[in-house]
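Each protein sequence line maps, in turn, to chains Y and S. If you count by this note's numbering, then the first sequence holds residues 14 to 297, one letter each, in order. If you count by this note's numbering, then the second sequence holds residues 30 to 507, one letter each, in order.
It should be emphasised that the hints constitute simulated quantities derived from the structure, not laboratory data. Beta carbons: idealized from backbone N, C-alpha and C, even for Gly.
Each computed DSS-like pair below joins lysine-lysine, with the alpha-carbon atoms no more than 25 Å apart:
(1) Y:Lys63 - Y:Lys201
(2) Y:Lys257 - S:Lys269
(3) Y:Lys274 - S:Lys280
(4) S:Lys165 - Y:Lys140
Pairwise CB distance ranges (calculated):
(5) Y:Lys140 - S:Lys45: 53 to 59 Å
(6) S:Arg428 - Y:Gly136: 39 to 45 Å
(7) S:Asp301 - Y:Glu232: 56 to 62 Å
(8) Y:Ala143 - S:Glu228: 40 to 46 Å
(9) Y:Ala143 - S:Lys62: 52 to 58 Å
Residues per chain, in single letters:
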Amino acid sequence: MANSSPRLDVKKTYKLFIGGAFPRSESGRTYEVKNSEGLFIANPSLASRKDLRDSVVAARAAQDGWGSATAFNRGQILYRIAEMMEGRTSQFVDEIVALEGVTQTAAKKQVEDAVDLWVWYSGWCDKIGAIYGSTNAVSGSFYNFTIPESLGVVATFAPTKPSLLGLVQAIAPVLAGGNTLIAIASEKYPLPAITLSEVIGTSDVPRGVVNILTGSSAELAPWVGSHMDIDGVDASGLTASQEKNLRVAGADNLKRIFRFKESQSPARVLAFMENKTVWHPIGV
Amino acid sequence: MTFEYSSAPESKAIVKINSLYKLYIGGKFIAPKSGKSFITINPATEEVLAKVAYAEKSDVDRAVKAAQAGLKIWSKMAPAERGKYLYRIARIMQERAREFAVLETLDNGKPIRETRDVDIPLAAAHFFYHAGWADKLEHAGVGTNPKPYGVVGQIIPWNFPLLMLAWKIAPALATGNTVVLKPAETTPLTAMLFAEVCEQAELPAGVVNIVTGDGATGAAIVNHPDISKIAFTGSTDVGKLIARSVAGTGKGLTLELGGKGANIVFEDAPVDETVEGIVSGIFFNQGHVCCAGSRLLVQENIQEELLEKLKRRMALIRLGDPLDKNTDIGAINSREQLTKITELANSGDEEGALRFSTDCVIPSKGFWFAPTIFTGVTQAHRIATEEIFGPVLSVISFRTPQEAIEKANNTPYGLSAGIWTDKGSRILWTAKHLRAGVIWANTFNKFDPASPFGGYKESGWGREGGRHGLSAYLKGAK
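Based on the sequences and whatever the hints tell you, model everything.
Have a look at this one:
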């Protein structure tokens, strides 16, 4: 061990998160991400249409299991994500500072808010039905109730920034409602999303429930819009014209498409739930 | 010795049909600018009932302006007073129920038994139910300060003309919106009678505006820049067209579209009740029901027995004069719809399914289709996948509950489904796995203003009825 060279960092290869695995884009494409000072940091994958389609297959396969898991179980898993994130705080802070060019304090606040948001949505899993379901007093000898259920497979476009908090506010409510998802990360600041996928990969989230793609929102949005096995889209991170085109294409299978202003609201959970009403006669 | 029914027609004398119906805009009946009109006929006799004004874009403009003016009064009115107008409307509809029932039967072709016992009472009940919401909106689950959209454009179908009007207008008004409504081209008359009810209730001018016309009239509503929300009930194809039209405009949109409901019968189902449920599921309202149980999924080991009883029951269905109080199946609403049903049923023959129709006497005039079931239907057949919107049932068998779910969900639609079994846990398991918005267990085709109605997947967006339906008329609401 006579060698006295300074130690070289082992850098991470930033990859996609599909079906519980961390593949590179099947297209072989990457794009360069620079820090706030314009210096190179990483070459994350530039996800392709095929990567999106693979993600939808993984999300669809996982949906029945996740959607019919008990709400208590889902709540525990979302809480587990918060636990795992907390332990990685410094890594998230470093990435946010490097990319967004914000202060340490601001970055730390963003991470803490993101962790707390997981905790908040975790608690909704087993309450949303009690608050927003109903028993309906119909005029006849019937028992009649309405319950919110998961919509299915949802795609989310996170805003450019805050890169981590924006992603969490998109995906946490979708998961709380029992949906599986494909998250398209902040195009400009994708690294916290990839680190979040590593957190999710170790938080007992069944594989395929969360899939995270990095790349171009503009490139992926039309394919999301026209994909017939995507049921809903959070378009908050898209431009108005991208959203309009998505809505036109999404009409082919009547996708539920929303753009949200509030980050912390049960409306974000309910947007991706369907209400089912069940009737049964009462008699002896 | 055979017993015959004597004819028992409801009298037409109770209703006075005008020779020409004008547009109802700003509290007045006014002629369209173009002076154009179209006719509406009685589909049971093909006799012309009346001429009806044809609204073009400029007339829709006038209606929207009137609705904007109405909004100034309506949205500022004390909510309790708004509610009292709706109570008034409900009461007047009840008072004039028979008149509405006869007129609906004449214009639509559906049996008087259904208009009298279902359509009209439910329509009045919708107003009564929503009246009570008007001053309780802060309890509707959409925050403490819910706001109306403003002017709402509403387009309704011909299968339940007055009832669909009530589903649309009652929640819109209760939440403080004003409306421009277009009834279906073939069934405008009860909407125009409803306009008279608005007059009798002294509803402020412009709160309800009714424009009659066709698809072009509807498009003028959908594309009108001063309309803040569209509510549409009709076909999935048109629903998608509307969704594309409003994309990027920021307009609210709710859609109640087509269906291909699975009525699932398990081996332990009470057979006689199930047969009644199947009949009501597909032959109620001539099968012109978006939530009809048009696919019968029956467990293989009881198929033979069930179908035998079903056929015996079908032979007792009485098709004929819709005004006769003993009639079960009335006229198909239009020649166009009859052509569509006939074409789809023929495709069943061509694709190898086996047709059974009752040999009832088909009247010489009007549009009719005998109650029909197809057996030997595969999931690929058009009659198993496409919405027929007529009295045609496709029978498909299954062996296991899992297979039933798979087949039931094998459709882009997701409006309704039925479950017939004696076992409670199986009902709940099946209901949980069905991707449909309304599930009837050991019953079918039940509707109530308090019960949210609407579809999963390509059957629509949003709900109508109950708190969930109400919230669709409140801005920012979810």
